[in-house]
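Participant: This is what each chain is made of:
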Amino acid sequence: MRVIFKIWRQESAASKGELRSYEIDGLTEDMSFLEALDHLNEQLVLKGEEVIAYEYDCREGICGQCGVFINGRAHGPHDNMTTCQLHMRSFKDGDTIVVEPWRATSFPIIKDLVVDRSAFDRIIEQGAFISAKTGTAPEANAIPIPKTIADAAMDAAACIGCGACVATCKNSSAALFTAAKINHLNKLPQGKAEQHQRTKEMTWQMNEEGFGSCTFTGACEVECPEGISITNIAEMNARYLKSKVFG
Amino acid sequence: MQLDSKIPEGNLEDKWRNYQVKSQLINPANKKKLNIIVVGSGLAGAGAASTLAELGYDVQCFCYQDSARRAHSVAAQGGINAAKNYQHDGDSVWRMFYDTLKGGDFRSREANTYRLAELSAPLIDHYVQQGVPFAREYGGVLVNRSFGGVQVQRTFYARGQTGQQLLMAAYSQLYKMIRAKKVKMFPRSEMMDLVVINGKAKGIIVRDLVTGELKRYAADAVVLATGGYSRVFRLSTLAIGCNGSAIWKAHKRGAYFAAPSFTQIHPTALPQSSEAQSKLTLMSESLRNDGRIWVPKQQDDNREANDIPEDERDYYLERRYPSFGNLAPRDIASRAAKERIDAGYGIGRLKNAVYLDFKHAIERFGLETIKDRYGNLFNMYKKITGIDAYTTPMLISPAAHFSMGGLWVDYELMTTIPGLYAIGECNFSDHGANRLGANSLLQASVDGYFILPNTINNYLAGALKEEHPNTNHPEFAKVENEVKQHLDKLLNINGTKTVDHFHRELGKIMWKECAMSRNKIGLEDAVNHIENLKEEFWNQVKITGTGNGFNTELEKAYRLADFIELGVLMCIDALQREESCGAHFREEYQTEDGEAVRVDKEYAYVSAWDYDNGDFKLHKEKLKFENVTPTVRSYK
Chain A
2 MRVIFKIWRQ
12 ESAASKGELR
22 SYEIDGLTED
32 MSFLEALDHL
42 NEQLVLKGEE
52 VIAYEYDCRE
62 GICGQCGVFI
72 NGRAHGPHDN
82 MTTCQLHMRS
92 FKDGDTIVVE
102 PWRATSFPII
112 KDLVVDRSAF
122 DRIIEQGAFI
132 SAKTGTAPEA
142 NAIPIPKTIA
152 DAAMDAAACI
162 GCGACVATCK
172 NSSAALFTAA
182 KINHLNKLPQ
192 GKAEQHQRTK
202 EMTWQMNEEG
212 FGSCTFTGAC
222 EVECPEGISI
232 TNIAEMNARY
242 LKSKVFG
Chain B
138 MQLDSKIPEG
148 NLEDKWRNYQ
158 VKSQLINPAN
168 KKKLNIIVVG
178 SGLAGAGAAS
188 TLAELGYDVQ
198 CFCYQDSARR
208 AHSVAAQGGI
218 NAAKNYQHDG
228 DSVWRMFYDT
238 LKGGDFRSRE
248 ANTYRLAELS
258 APLIDHYVQQ
268 GVPFAREYGG
278 VLVNRSFGGV
288 QVQRTFYARG
298 QTGQQLLMAA
308 YSQLYKMIRA
318 KKVKMFPRSE
328 MMDLVVINGK
338 AKGIIVRDLV
348 TGELKRYAAD
358 AVVLATGGYS
368 RVFRLSTLAI
378 GCNGSAIWKA
388 HKRGAYFAAP
398 SFTQIHPTAL
408 PQSSEAQSKL
418 TLMSESLRND
428 GRIWVPKQQD
438 DNREANDIPE
448 DERDYYLERR
458 YPSFGNLAPR
468 DIASRAAKER
478 IDAGYGIGRL
488 KNAVYLDFKH
498 AIERFGLETI
508 KDRYGNLFNM
518 YKKITGIDAY
528 TTPMLISPAA
538 HFSMGGLWVD
548 YELMTTIPGL
558 YAIGECNFSD
568 HGANRLGANS
578 LLQASVDGYF
588 ILPNTINNYL
598 AGALKEEHPN
608 TNHPEFAKVE
618 NEVKQHLDKL
628 LNINGTKTVD
638 HFHRELGKIM
648 WKECAMSRNK
658 IGLEDAVNHI
668 ENLKEEFWNQ
678 VKITGTGNGF
688 NTELEKAYRL
698 ADFIELGVLM
708 CIDALQREES
718 CGAHFREEYQ
728 TEDGEAVRVD
738 KEYAYVSAWD
748 YDNGDFKLHK
758 EKLKFENVTP
768 TVRSYK
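Note that the protein sequences, when read in sequence, are chains A and B. Going by my numbering, the first residue of the first sequence is number 2, and it counts up by one from there. Going by my numbering, the first residue of the second sequence is number 138, and it counts up by one from there.
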């Protein structure tokens, strides 16, 4: 299988980038998309060129480190899938495949397809935790949590932090990411004590980082590899209001 | 050096309590004067970093990923074991201890394994408090499920994403302490070497993976929580970045390496589909509850699976192990698959797989029930292979998975270098020669949250009286310079072959000779082959780009250089152990029907290797069994 990759190359955040074309042969349909890029990089090394920088780690869709724009879509042509789960069988022989980094002011480019998503960590830092020290826990079954609540918390907690929601949003909003974490913890009895403060501080930090506002286009839930629902954002907004009134 | 495991006095049940009663304390005002480096941010690393910070220590935590949340603990699917006995099915700490010791084929310490079981119950309490949404009953109590090698239900889980949920809790707690300014986090930072001053670990040299800059960090103690090294096989279930470099560098600085050849091959991963493949995706062990494993009875059978009639199928696990059948433990199931594949019965385009078939389960329980039980795994299978496993059997194959071996540690989790600790998968302690399913999340967490924060005081109480380490010490300059020369040397080779080429070659040798089945001649050959490969690597590898900046080829190259050396030691370790135990199967030591023959009289010890200028010297820590009698594992 032969394809033409058009890949965004950019030396650093400060330098100017451009799309460059690479024709590559010898691919198979069984190869994952990232393995096709690995293959391309090996060819570049043999030619003495610098390799393309892109991110990955687990390559099984759970660590959240991979993520690029492929032909204009976050994580490629399929809904609810990570870049590492995409395979070349989704493309045709001779296709041109455009590969770009996540585009968002709050995710500055480090190199080529690699961006800095530390803004997410800083949102987490503002309250995505339960203030309890190791060694202070009561018996696990002491506080019953009905299955419906545990399941709903798990639905929200499934977020892998890849940033596709931000990248695909026309406003570069991090509302889905932030909402998922707030809702996960605020739903659970253990998270109730700090719920209002958590909501206020995490949403404040989200704005501080320069992410845009949510206008409910629903683009994020289409790309989210974990299928986290946009209703989480509505729930976060309700929690925000509640925190203003009761917090 | 005489290895002292520092097992406390007393009955097995009392040892950990006795230890805590007698261990030293440090007053809170002094704790903040003490600085601890933690390398790695998975369950062990993040757990240790946050807990040490809560106790008042000044902590610096490093990870190579872009965020602490990516650590490979994230990928564990099935669950975490704990002796809670919530199912009222006769579980206890003792039973869990015995299952783990037996599962490891009696090649781990009684006291360590008992402590693992003992601390499992409070760990579940801890994670619930931190907001882990474990599976629950409608009434609100926690649910359990079964896992391989065990007859009670003691596995707690959060869908098929247990590792992710535990890691999110650990990462949250870590960021709570980062916000409190008690932990300083350094993502995209890779430990390049350990700095040892006057025989004690006093700091590390780190490469900033974005700028390429080498940086020095000093501390009163260094904790390694850097995970497993099964990427030595190249194709494994591990993340691509997982590596053995931190522990290998520590080994070369004096830390003994224990049982390096004990690596677990998982029976149910997706098969390799091409030479270019980078990773083998794991399919949860839980599938073997309902799936039946088979190959055609005829060699090189090219018919579609569904065209092969029932009487021409060989359900080889059920045939060989009638009492355990498809639920035989991992080491057994993997070897049995290899035996069939090697004998020419493998299926798939590369003839390297076996079938995992749900046809009978679907007939018996209905499609909806199977979808409910395994839906997410079938979806994952479809995403990766494009095949619908509800209508045609899955193709699965054994893959390198967990490393039971690692840096030798005593009961306090300290290595043979004073002040250097190893926690989680990177140490050798609790799993012996084979790890049971759902025990890895447990061990990483217990080491990080409960054990290390208690045991490190004994060492740090002494460190208080010493001069605080300083990066201006000449040893830091010396080690940094050695790292720089090492990197320059790699960059200047400018040969004709890629790093991946050498990694594939290493992987092939290791997989052929030092994986599921090993023999003397093969292992000796492997050592020679790897030595040749090493020489070729240092003459022929080609890395483009420079050391001053983001360079993934350079990262891969220095990790591979260490894997090559580690590969040699793994083969040497497998050679010296002239018995079969757990995951270590020596072909010379088997019964007539192909089962493992353990030789307790001579090999009931932990091998611990001392690095000596390229040579390895063996030390033996005798394993004493005072509370249980080692028996022959049989699954017939």
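For the record, the hints were derived by calculation from the structure and aren't laboratory data. In this text, all values refer to a predicted model and were calculated from it rather than measured experimentally. By construction, the Cβ of each residue, glycine as well, lies at the ideal position given by its N, Cα and C atoms. Misleading hints may appear alongside valid ones.
[What the hints assert, rightly or not] Quick list of in silico lysine-lysine cross-link-like pairs, PhoX-like style, CA-CA up to 25 Å:
| hint | chain 1 | residue 1 | chain 2 | residue 2 |
| --- | --- | --- | --- | --- |
| 1 | B | Lys671 | A | Lys93 |
| 2 | A | Lys134 | B | Lys621 |
| 3 | B | Lys170 | A | Lys148 |
| 4 | A | Lys201 | B | Lys352 |
| 5 | B | Lys679 | A | Lys48 |
| 6 | B | Lys671 | A | Lys201 |
| 7 | B | Lys319 | A | Lys134 |
| 8 | A | Lys93 | B | Lys352 |
| 9 | B | Lys159 | A | Lys134 |
| 10 | B | Lys168 | A | Lys48 |
| 11 | A | Lys134 | B | Lys671 |
| 12 | B | Lys626 | B | Lys649 |
| 13 | B | Lys170 | A | Lys134 |
| 14 | B | Lys169 | A | Lys134 |
| 15 | B | Lys352 | A | Lys48 |
[Claimed, not checked] Label-pair ranges, simulated between beta-carbon atoms:
| hint | chain 1 | residue 1 | chain 2 | residue 2 | range |
| --- | --- | --- | --- | --- | --- |
| 16 | A | Gly248 | B | Glu146 | 49 to 59 Å |
| 17 | B | Glu500 | A | Glu209 | 32 to 42 Å |
| 18 | A | Phe247 | B | Asp509 | 44 to 54 Å |
[Stated by the list, open to error] To give a feel for the contact side, a few chain A residues facing chain B, derived at Cβ under 7 Å:
| hint | residue |
| --- | --- |
| 19 | Tyr23 |
| 20 | Met32 |
| 21 | Gln44 |
| 22 | Glu61 |
| 23 | Arg90 |
| 24 | Asp94 |
| 25 | Gly95 |
Participant: Compare the distance between the alpha carbons of Lys319(B) and Lys134(A) with 25 Å, and conclude whether the hinted pair is satisfied.
Facilitator: Answer holds: Lys319(B) to Lys134(A) is near 13 Å, not above 25 Å.
Participant: For a C-alpha distance cap of 25 Å, please report whether Lys170(B) and Lys148(A) respect it.
Facilitator: Violated, at about 46 Å.
Participant: Between Lys671(B) and Lys201(A), does the CA-CA distance stay at or below 25 Å?
Facilitator: violated, 56 Å
Participant: Please test the hint of 49 to 59 Å on the beta carbon pair from Gly248(A) and Glu146(B).
Facilitator: Once the Cβ atoms are compared, 54 Å apart, the range 49 to 59 Å for Glu146(B) and Gly248(A) holds.
Participant: For the pair we were handed, Lys679(B) and Lys48(A), check the Cα-Cα distance against 25 Å.
Facilitator: holds, 10 Å
Participant: With a cut-off of 7 Å, does the beta carbon of Tyr23(A) approach a beta carbon of chain B closely enough for the hint to hold?
Facilitator: The hint is violated - Tyr23(A) has no Cβ within 7 Å of chain B, the shortest such distance being about 15 Å.
Participant: Is Lys159(B) close enough to Lys134(A), meaning Cα to Cα at most 25 Å?
Facilitator: Answer holds: Lys159(B) to Lys134(A) is near 23 Å, not above 25 Å.
Participant: Taking 25 Å as the top limit, are the C-alpha atoms of Lys201(A) and Lys352(B) close enough?
Facilitator: The given pair, whose Cα atoms are some 37 Å apart, is violated under the 25 Å limit.
Participant: Taking the least C-beta to C-beta distance, is Met32(A) closer than 7 Å to chain B?
Facilitator: This interface hint holds because 6 Å falls under the 7 Å limit.
Participant: So if I understand the rule, the pair passes when the alpha-carbon distance is 25 Å or less; does Lys626(B) with Lys649(B) pass?
Facilitator: The hint is violated at about 30 Å.
Participant: Taking only the CA atoms, is the gap from Lys170(B) to Lys134(A) under or equal to 25 Å?
Facilitator: holds, 21 Å
Participant: Hey, Lys93(A) versus Lys352(B), does the alpha-carbon distance stay inside 25 Å?
Facilitator: violated, 46 Å
Hints 1, 2, 3, 4, 6, 8, 10, 11, 12, 15, 17, 18, 19, 21, 24, 25 from the earlier list are contradicted by this structure; the remaining hints agree with it.
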